[in-house]
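J.: Which chain is which? The protein sequence lines are A and B, in order. Using the numbering used here, read the first sequence as starting at 270 and increasing by one per residue. Using the numbering used here, read the second sequence as starting at 2 and increasing by one per residue.
Hints listed in this document are in silico derivations from the structure and should not be mistaken for laboratory results. Careful, some of the hints might be misleading.
To be verified - Residues from chain A that face chain B, not an exhaustive set, calculated with beta carbons under 10 Å: (1) Ser306; (2) Val309; (3) Glu401.
Claimed, not checked - Label pairs and their computed distance ranges (CB to CB): (4) B:Asp229 - A:Pro311: 52 to 60 Å; (5) A:Pro311 - B:Leu215: 25 to 33 Å; (6) A:Leu283 - B:Ser90: 39 to 47 Å; (7) B:Glu186 - A:Arg316: 32 to 40 Å; (8) A:Thr277 - B:Asn70: 49 to 57 Å; (9) B:Ser139 - A:Gln451: 53 to 61 Å; (10) B:Asn15 - A:Leu283: 26 to 34 Å; (11) B:Pro26 - A:Gly295: 43 to 51 Å; (12) B:Asn15 - A:Gly284: 22 to 30 Å; (13) B:Ile171 - A:Thr320: 26 to 34 Å; (14) A:Gly505 - B:Arg19: 54 to 62 Å; (15) A:Met323 - B:Thr166: 34 to 42 Å.
Where is the CB? At the ideal position from N, CA and C, for every residue including glycine.
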Amino acid sequence: MSLLALPTSALASLGRATFNALASIGRIAIYAALTLSHIVRPPFYRREFLTALMQVGWLSLPVVGLTAIFTGGALALQIYAGGQRFSAEAVVPQIVAIGMVRELGPVLVGLMIAARVTSSIAAEIATMKVTEQIDALTTLSTNPMKYLTVPRVLAGFLTVPLLVGVGDIIGIMGGFLVSTEQLGFNRASYIKNTLDFLQTPDVVSSLIKGAVFGFIATLIGCYYGMNSGRGAQGVGGATKNAVATASILILAANFVLTSVMFGS
Amino acid sequence: MIELSRVAKSFGKNHVLRGVNLTIPRGQSMVVIGGSGTGKSVLLKSILGLVTPDSGRITLEGADVREANRDAFLARFGMLFQGGALFDSLKVWENVAFRLMRGATKLPKDEARAIAIEKLRRVGLKPETVDMFPGELSGGMQKRVGLARAIAAEPEIIFFDEPTTGLDPIMSGVINALIREIVTEMGATAMTITHDMSSVRAIADRVAMLHDGLIRWTGLVSDMDQADDPYLQQFIHGRADGPIESVR
Chain A
270 MSLLALPTSA LASLGRATFN ALASIGRIAI YAALTLSHIV RPPFYRREFL TALMQVGWLS
330 LPVVGLTAIF TGGALALQIY AGGQRFSAEA VVPQIVAIGM VRELGPVLVG LMIAARVTSS
390 IAAEIATMKV TEQIDALTTL STNPMKYLTV PRVLAGFLTV PLLVGVGDII GIMGGFLVST
450 EQLGFNRASY IKNTLDFLQT PDVVSSLIKG AVFGFIATLI GCYYGMNSGR GAQGVGGATK
510 NAVATASILI LAANFVLTSV MFGS
Chain B
2 MIELSRVAKS FGKNHVLRGV NLTIPRGQSM VVIGGSGTGK SVLLKSILGL VTPDSGRITL
62 EGADVREANR DAFLARFGML FQGGALFDSL KVWENVAFRL MRGATKLPKD EARAIAIEKL
122 RRVGLKPETV DMFPGELSGG MQKRVGLARA IAAEPEIIFF DEPTTGLDPI MSGVINALIR
182 EIVTEMGATA MTITHDMSSV RAIADRVAML HDGLIRWTGL VSDMDQADDP YLQQFIHGRA
242 DGPIESVR
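Same shape as in the complex, but just chain B:
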């Protein structure tokens, strides 16, 4: 279980997170929604230690993440980045097997390659792509490679940062379905940040809405449509009018 308690982060005068409280139960898929620039990515990066919060506490299974052994802590996570964040200079299979070929549990090259091929197959990529470079792949294929890399070491927790950004609706549907299947079959705890409502409905067990640096609403995805929070309702229905200010 991941718990965030009164987490705050500012960049200069911009107070991005103003005391976020959030619990992500073990084995569940939490989707954090919110408009652009509301601090969703900062929230996710704060958990991973890529951004240091100004105050508050983040715990994983009760232990403060700042006090954890960094390598052991990160070994429990897999992450799919918004743009894929694949390493241009490495082949597709080397990207997927990156963690497997390094660190304390380093595998022999052949074994790591076999696992990478299997993970690429799992996300629907053909063997021909294995020895290609990321630059030779389409956006959708790069997302799949990113997904394969995120699950390669079979992590307990997987983070997805805007998994469908830049994809057409059909490819978005495919990626959403893959994420849901993989998270369920691995029994992993998942946290996704997105503003794509089709992703929310496909991926989430629970939903949290981040607005103005605070969690405005959190609950089961099945309760989302009936919730009476005006901010949530404006966001999920994509209305221009409502309590969330929109610039025209």
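Isolated chain A, as found in the complex:
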């Protein structure tokens, strides 16, 4: 191999990877636009929507609750330990509240939804594709986009903000329990400090992030499921790619939303 061939080949690989990534972004954007266009056009499959509400929202509550309570507790311990270095340990209630509501609550719930819901949606739809159930839907005059994607994406968009709200409260409760039971904070003043410090924009930003993350997590699950390859390997690949893409997009969207809402 000539000396020139190695860098040229590396450059070609980089170019191919970049083009593939851009093509994927384009395909996902088109899929998102199609989904939105189908949301506003009948028919609407109510039963599938109610099932998706249960799957995405209700059944995710335990994992969201457990994630939030442990994170809130750990956050309180970290802030207390860090705060002690410059005698600021009293700010634990305020920092736990703002940390959970503005950042950790939405991001952790988003990532847990990506792990639990995106993977499940991608695997389910990919299996349906492999077993020709998607083709069967089409031959039965049912648009798979309307029947499978729209109910799930709508359920994600509507329920994840609620999960984020619940996660925020449980996270703050985790901090409260650790602070009052282990660190010696007064219960009444902890609650008062938390409530006094939090502002409406903090809560609204949390819910907006939840809605966006819910949309991303469910949309990506549906997209990779619908575009899965053949066989067990195809289903596995679709699931893996869906979780990885949804997680990255959620973190990227979090940065963009935080910049827009709090950047100034």
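Given the coordinates of chain A, work out where chain B should sit on it, guided by the hints.
T.: Below, chain B alone, put in the same frame as chain A:
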């Protein structure tokens, strides 16, 4: 009548269909035979619009299928998929009544359920199966449910994709006999793709052999054994030697 004229389809460098010409007369049962990977499923899916051909024309009663109203077009078809393709999350009767409970001609739930039960009875399934889920049924029973779903809305045209794959010989015979009976009693146009010769002899009025992306032979099932096409003869007799390459 369904007519395919010079239909071609490639996937990358793989030219699956290379200009297929085929006519399926109204009210007849056409069986397309051919080895694995010869494009039988692609041919069937091209007619339904599940795969878009690269070139050629497919018409139904003279009208180009690409220009037809999609819902109205698909409402004329019923399809039995190779693996059944039943919806796991729905009960057996809901699978059968799927089309009946949706779309422009949506029926009330009770009426749709009654029709589903009747169709399940027609394919030999007992009432106990009605409220079961597909995962609780054997392969043969799933095929029957798939068949009941294909005929539930009494379509004019029914497609069968490898109807006996994965079934034991006795169950294959039962499914073949059911398909023949149902197609005859409904007066439907049928197209079956298979490489099971017992299905061909039980189901077909006419046979077409697909090889290397082209229809090599087509004619009445009664003429098949006397045909002098070496490809057809090798295939129907299952010979390893002949013009069709076989890997050993």
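J.: Evaluate each hint against the coordinates.
T.: So, going through the hints one by one against the coordinates:
1. Hint status for serine 306 of chain A relative to chain B: violated, with the closest Cβ pair at about 16 Å, above 10 Å.
2. For valine 309 of chain A, the interface hint is violated, since its Cβ never comes within 10 Å of a Cβ in chain B; the closest pair sits about 19 Å apart.
3. At about 4 Å, the closest approach between the beta carbon of glutamate 401 of chain A and any beta carbon in chain B falls short of 10 Å, and the interface hint on this residue holds.
4. Between aspartate 229 of chain B and proline 311 of chain A the Cβ separation comes to about 57 Å, which falls inside the hinted range of 52 to 60 Å.
5. Between proline 311 of chain A and leucine 215 of chain B, the C-beta spacing of about 44 Å breaks the proposed range 25 to 33 Å.
6. Look at leucine 283 of chain A against serine 90 of chain B: about 43 Å separates their beta carbons, and that is inside 39 to 47 Å.
7. For the pair glutamate 186 of chain B and arginine 316 of chain A, the supplied restraint of 32 to 40 Å holds, since their beta-carbon distance comes to about 33 Å.
8. Taking the beta carbon of each, threonine 277 of chain A and asparagine 70 of chain B are about 53 Å apart, inside 49 to 57 Å as hinted.
9. Between serine 139 of chain B and glutamine 451 of chain A the CB atoms are about 59 Å apart, so this pair conforms to the stated range of 53 to 61 Å.
10. A beta carbon spacing of about 29 Å between asparagine 15 of chain B and leucine 283 of chain A agrees with the range 26 to 34 Å that was offered as a hint.
11. With their beta carbons about 45 Å apart, proline 26 of chain B and glycine 295 of chain A fall inside the hinted range of 43 to 51 Å.
12. Checking the proposed 22 to 30 Å range against asparagine 15 of chain B and glycine 284 of chain A shows it holds: the Cβ atoms sit about 26 Å from each other.
13. Here the CB-CB span from isoleucine 171 of chain B to threonine 320 of chain A is close to 38 Å, at odds with the stated 26 to 34 Å.
14. Between glycine 505 of chain A and arginine 19 of chain B the beta carbon distance is about 34 Å. The supplied range of 54 to 62 Å is therefore violated.
15. With their beta carbons about 35 Å apart, methionine 323 of chain A and threonine 166 of chain B fall inside the hinted range of 34 to 42 Å.
Hint check: violations occur at hints 1, 2, 5, 13 and 14; the rest are consistent with the structure.
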